[in-house]
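S.K.: First to last, the protein sequences are chains Z and V. This note's numbering puts the first residue of the first sequence at 1, with every later residue one more than the last. This note's numbering puts the first residue of the second sequence at 1, with every later residue one more than the last.
Hints are supplied without guarantee of correctness; some may be wrong.
[As the list claims (entries may be wrong)] Partial pick of chain Z residues on the chain V-facing surface, computed with a CB cut under 7 Å:
#1 ALA187
#2 LEU221
#3 THR223
#4 TYR359
#5 GLY362
#6 THR363
#7 LEU407
#8 CYS409
#9 GLU423
#10 GLY426
FYI, nobody ran anything at the bench for these hints, they're computed from the structure. Beta carbons are placed, not taken as given, at the ideal position from N, Cα and C, and that holds for glycine.
Each chain, written out:
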Amino acid sequence: MARKSRFFLKKRGNRRTGSADAARFGEAAMSFALLAVGAAGLWAVLSWWIVPHWQADYDFVETVGTIVDARIEETQVAALDKPVYRARFEVEYEFDGVKRRVWTLSASNDYSADRADEERVLERFAIGEQYPAWFAPRDPERVVLQRGGNWWIWLLLVIPVPFITIGARGLVYTVMNWRTSSERRAAPARSKQSEPRIAAGHEQDAESRDDDAAPAAQIALPTVPLAENLTNSPGTHLAYRLPMSSESSWRLFGAVLFCVLSAGVTAACIWLAIAAHVRADADWLLDLSILPLGGVTAWSAVLVARQWTVSNAVGPTMVEIADHPLFPGETCELMVLQSGRLAVNWLEATLFCTEQASYQQGTDIRSESAVVWRERVLRCERFRIDDDQPFQRKCLFTVPGSAMHSLCCPSNEIRWSIVVRGEAEGWPIFERSFPIVVYPPRTPALVERRAARGRLNGHAVAAGSSTALRTGTNGSAAKGDAA
Amino acid sequence: MNEPLVSIALKAYTRIFAPGDELIADFQIDAVAPHEVEAVEASVLWYTEGKGDEDLGVHCFKRFDGVRDPVPLHELRSISTTLPESPLSYDGRIVKIRWCVRVRAFLSRGRYVVADQWFQLGNVPSPRQVFEEESAGDAAAGDRPDEVQRGAKGDVRATKDADARASAAAIF
Numbered sequence: 001m002a003r004k005s006r007f008f009l010k011k012r013g014n015r016r017t018g019s020a021d022a023a024r025f026g027e028a029a030m031s032f033a034l035l036a037v038g039a040a041g042l043w044a045v046l047s048w049w050i051v052p053h054w055q056a057d058y059d060f061v062e063t064v065g066t067i068v069d070a071r072i073e074e075t076q077v078a079a080l081d082k083p084v085y086r087a088r089f090e091v092e093y094e095f096d097g098v099k100r101r102v103w104t105l106s107a108s109n110d111y112s113a114d115r116a117d118e119e120r121v122l123e124r125f126a127i128g129e130q131y132p133a134w135f136a137p138r139d140p141e142r143v144v145l146q147r148g149g150n151w152w153i154w155l156l157l158v159i160p161v162p163f164i165t166i167g168a169r170g171l172v173y174t175v176m177n178w179r180t181s182s183e184r185r186a187a188p189a190r191s192k193q194s195e196p197r198i199a200a201g202h203e204q205d206a207e208s209r210d211d212d213a214a215p216a217a218q219i220a221l222p223t224v225p226l227a228e229n230l231t232n233s234p235g236t237h238l239a240y241r242l243p244m245s246s247e248s249s250w251r252l253f254g255a256v257l258f259c260v261l262s263a264g265v266t267a268a269c270i271w272l273a274i275a276a277h278v279r280a281d282a283d284w285l286l287d288l289s290i291l292p293l294g295g296v297t298a299w300s301a302v303l304v305a306r307q308w309t310v311s312n313a314v315g316p317t318m319v320e321i322a323d324h325p326l327f328p329g330e331t332c333e334l335m336v337l338q339s340g341r342l343a344v345n346w347l348e349a350t351l352f353c354t355e356q357a358s359y360q361q362g363t364d365i366r367s368e369s370a371v372v373w374r375e376r377v378l379r380c381e382r383f384r385i386d387d388d389q390p391f392q393r394k395c396l397f398t399v400p401g402s403a404m405h406s407l408c409c410p411s412n413e414i415r416w417s418i419v420v421r422g423e424a425e426g427w428p429i430f431e432r433s434f435p436i437v438v439y440p441p442r443t444p445a446l447v448e449r450r451a452a453r454g455r456l457n458g459h460a461v462a463a464g465s466s467t468a469l470r471t472g473t474n475g476s477a478a479k480g481d482a483a
Numbered sequence: 001m002n003e004p005l006v007s008i009a010l011k012a013y014t015r016i017f018a019p020g021d022e023l024i025a026d027f028q029i030d031a032v033a034p035h036e037v038e039a040v041e042a043s044v045l046w047y048t049e050g051k052g053d054e055d056l057g058v059h060c061f062k063r064f065d066g067v068r069d070p071v072p073l074h075e076l077r078s079i080s081t082t083l084p085e086s087p088l089s090y091d092g093r094i095v096k097i098r099w100c101v102r103v104r105a106f107l108s109r110g111r112y113v114v115a116d117q118w119f120q121l122g123n124v125p126s127p128r129q130v131f132e133e134e135s136a137g138d139a140a141a142g143d144r145p146d147e148v149q150r151g152a153k154g155d156v157r158a159t160k161d162a163d164a165r166a167s168a169a170a171i172f
């Protein structure tokens with residue numbers, strides 16, 4: 001039985017219904033339409049404004065013309081549903097011994113909706129007086145009284161150029177991928193995409209892959225995030241100091257931006273309202289709208305103050321780790337350092353693994369996360385921190401033996417992190433996240449190459465000097481000693 | 001008219017492979033006139049499933065279009081590759097990673113037929129599966145020491161439409 005046509009089609013992944021060819025044709029038609037609209041707009045901008053003004057500025061020959069007559073022309077524009085005006089002058093000038101009379105003003109002879117503006121233009125030229133004029137030598141009927149100062153016409157390109165760019169890109173993409181499988185498209189993209197990801201490794205196609213020939217210091221781990229950025233800062237007690245996640249900084253930036261915008265809108269409304277009252281033309285609707293706007297501004301200011309407090313009032317938190325990246329089943333030493341003059345109620349460090357997925361829903365990109373591992377590795381209660389000596393505490397933690405490795409794909413991620421939370425007297429609960437990278441379980445090739453890398457970098461020695469502990473057990477975390 | 005058949009067979013006793021293993025797959029196009037097959041693509045790839053948009057990575061790709069190729073396109077061929085260290089197969093809560101051998105045959109008049117043969121890379125258990133094992137272990141062993149508090153209160157991240165039981169506990 002023939003399937004009825006449907007208005008709503010699923011469109012994600014293999015669950016997509018409907019004809020793929022029809023979808024591609026639709027994409028191509030849409031891209032072509034955008035390209036055509038952009039091209040038409042570009043042609044209009046060039047032929048009506050840019051080229052005539054360019055010719056008037058650089059190609060026209062200067063002469064002297066006499067203003068014989070002047071008038072304001074009026075025409076009706078259906079789209080505007082009101083008349084538009086332009087000032088025009090009859091200019092008499094001589095070229096090649098022939099006297100000519102032409103109605104003109106500027107190269108594009110634009111209309112304006114404001115008649116008063118055009119009347120002011122009329123006042124700038126007096127009838128019977130002589131003024132400089134410029135004419136086209138190959139077409140002496142084209143003459144202007146005004147030229148230059150038309151930089152704004154280049155801004156008109158802002159309208160058609162994006163249409164052309166998006167349309168041409170879409171058309172080229174559709175044509176190049178017509179009858180091309182997703183695997184074929186992904187095959188070259190994969191090697192390109194993984195280039196930066198395997199700065200410490202390399203990957204080849206199966207045909208040319210030869211592990212023995214690969215440089216010993218290289219580890220090929222497609223989709224596993226690089227650990228280099230997490231290990232380029234040495235620690236003072238352990239091998240590496242982990243960088244803090246920038247999420248809280250972005251939250252603060254977003255709150256500040258919202259607060260500034262909100263305050264700006266509120267201030268503008270207040271200024272307009274005061275101006276209206278001064279003119280004795282009060283707009284009570286505007287006055288009333290200031291109240292909710294002021295409320296939103298006050299709320300956003302409180303939000304900024306709170307974010308700022310959480311970010312900065314409590315002293316910096318540092319996390320150091322004995323080795324990195326980590327492997328499933330391995331136990332590693334961790335050190336938490338907390339500065340600031342604080343009376344801390346409690347402070348804890350937790351190992352987290354979170355799945356993160358982002359997806360497009362209509363025109364929105366949404367993301368969702370799910371915690372799949374949470375294990376508290378350190379908790380300290382009721383202690384004071386002095387200015388001169390930060391709080392320091394070491395502990396051991398174990399990455400679960402059956403853990404999934406870190407994953408970084410465009411729409412899907414698996415993130416491992418150490419999250420330090422705490423509460424100090426008089427301050428709200430603060431939370432700081434320190435991303436870590438978990439590699440896939442040790443495979444012989446990986447272990448061999450990692451050992452080779454360690455030998456090359458002298459990494460193994462560094463780990464020893466920092467009392468690194470990597471026991472490779474599958475057990476759970478154990479509490480560490482105080483530093 | 002019959003649909004063309006694409007057969008894929010993994011040359012192994014198991015569908016569970018370890019990183020670094022050699023994967024060999026035979027494939028063949030049947031129930032189609034030889035002249036109708038214009039090209040065949042075989043790939044070893046992974047893709048994601050779950051809440052997020054699909055990510056796709058091709059580990060090994062081969063295209064046969066009959067040019068300078070004495071073997072007819074519909075006949076038995078094979079593809080082989082050494083499997084990479086990552087990403088491993090994973091059946092998470094909102095992120096899943098599947099590996100497969102995919103064969104796509106391009107037929108005349110713009111038609112094509114595609115078939116997947118799934119396999120597993122690595123042995124990362126599903127969080128749910130381990131959760132059940134952990135729960136059974138917990139029941140037998142009693143309380144855990146204070147230092148290792150699985151499922152401690154005080155979420156640091158909001159988990160949308162989460163399975164409460166799973167989200168409250170360590171579930172690998």
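S.K.: What hints, given by number in increasing order, does this structure fail?
M.R.: 5, 6, 9, 10
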